[in-house]
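So the protein lines, in turn, are chains A and B. The first sequence begins at 1 in my numbering and counts up by one. The second sequence begins at 1001 in my numbering and counts up by one.
Simulated from the structure, these hints should not be mistaken for lab results.
A few chain A residues facing chain B, derived, Cβ under 7 Å:
#1 Pro21
#2 Lys57
#3 Ser58
#4 Lys60
#5 Gly131
Not the full set, but computed from the structure, chain B residues with beta-carbon under 7 Å of chain A:
#6 Phe1006
#7 Pro1104
#8 Tyr1108
Sample of chain B residues lacking proximity to chain A, with all beta carbon distances greater than 10 Å (derived):
#9 Val1071
#10 Asp1120
#11 Arg1137
#12 Pro1141
#13 Gln1186
#14 Arg1284
Cβ atoms here follow ideal geometry from the backbone N, Cα and C, with glycine treated the same way.
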Amino acid sequence: MAKTAVSMTVNGRAVEALAEPRTLLIHFLRDQLGITGPHVGCETSHCGACTVDIDGKSVKSCTLFAVQAQGAEVLTVEGMAGADGTLSVIQEGFMQEHGLQCGYCTPGMITRAYRLLQETPNPSEEQIRWGLSGNLCRCTGYQNIVKAVRYAAEKLQAQKEAAE
Amino acid sequence: MITGAFDYHRPRSVDDAIALLSQHGDEGRVIAGGHSLVPMMKLRLAAPSHLIDLAALDELKGIAVADQAIVIGAMTTQHEIIADQALAARCPILRETAALIADPQVRYCGTLGGNVANGDPGNDMPAVMQCLGASYRLRGPNGERSVAARDFYEAAYFTARADDEILTAVEIPTPAAGHGAAYEKQKRKVGDYATAAAAVMLTLAGGTCETASVALTNVGETPLFVEAAGQALAGSGLDDAAVTAAVEAARAAAEPVSDLRGPADYRRHLAGVMVRRAVERARRRAAA
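Produce the entire structure from the sequences given, and follow the hints as far as they go.
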């Protein structure tokens, strides 16, 4: 099947590459663009390891064809830290609260937590658990993942109040 | 997991989408959120040669809430249904149901139109639409028609929609002020289809149930509107005898198969339990 040019913005950078229509976004990101933060976990829309942010939505990039994201703004875990390598507050939370063990689910967790906190800046524990229910951690370290998101929420709130 | 090869189309109007569907016949499929279709394509249970993406069709998006009817565009996502305050005020069962579908990521993509048009007996919205007396707008080369949700489902994955038609919108008669409704879903884990689920809507007047409707999810080849269950409740005081009669009617209507979610007898029993719980919650929510 003929390849077509697929263009989008990934982590603020305009990118274009050739892909078959059936190329899944996760493979486009990893194989064509070398963006390997989003992981291939289950490949069946269950685990959330491939989660990326597309036009303000958390999306499992194994369940979207790259052509569907033509022209979209895509954010992956690579786009979270500052240009100088300073961790984002969410990443810092995962480090401080030991919110990862093997780390495989972490890029998806962080990307999803980013959108959750954009929509719900001060989530309860229940809201965090509900909001992250599309992301599986097979080390089952959920307790510290929830704490990491709370850490980030509190620090972001404090930063916001200090700025006001 | 890689899908079969296909040509990708992104039409700019519904008419263009219908023209593509007509042109490609059996080889064409529309894709909305894709979170039912893409997994099917990975398993090669679906292998369209032409994929017609409805994403650019703004005319299929949006929620309009009015006194007579609620009209929801087919491309409206479950996430948007959950977020819509006007919709939640007039018809809260839709938010309750959408929140029980899959997980957050899937709800950002999954659409109401896809959920009701797909014909998968595991989808949650079809039974809710039957309970609410909704109808589906279908557009094809010969114009638009409307089919009641209660008449739409023929067998698993077979519906009244013709191959060259697109489901463009869902129209729901706006539920009466003071109505009570509930969707009860038993599932094994987040993201699972129902082992059994029930939708109930009722209205009360002076403690008597005036109107009631009941429908079931995933205990048959299609969603099941159980008219006898609603009739058992209407006119009663929702006393134990009436509720038990509704539960029995639902159990009699259910035709579940044994699968990983449980043996058929268990799932039939559970359909009754879901009806009982949904009636109880709908009653508490209804203005007396």
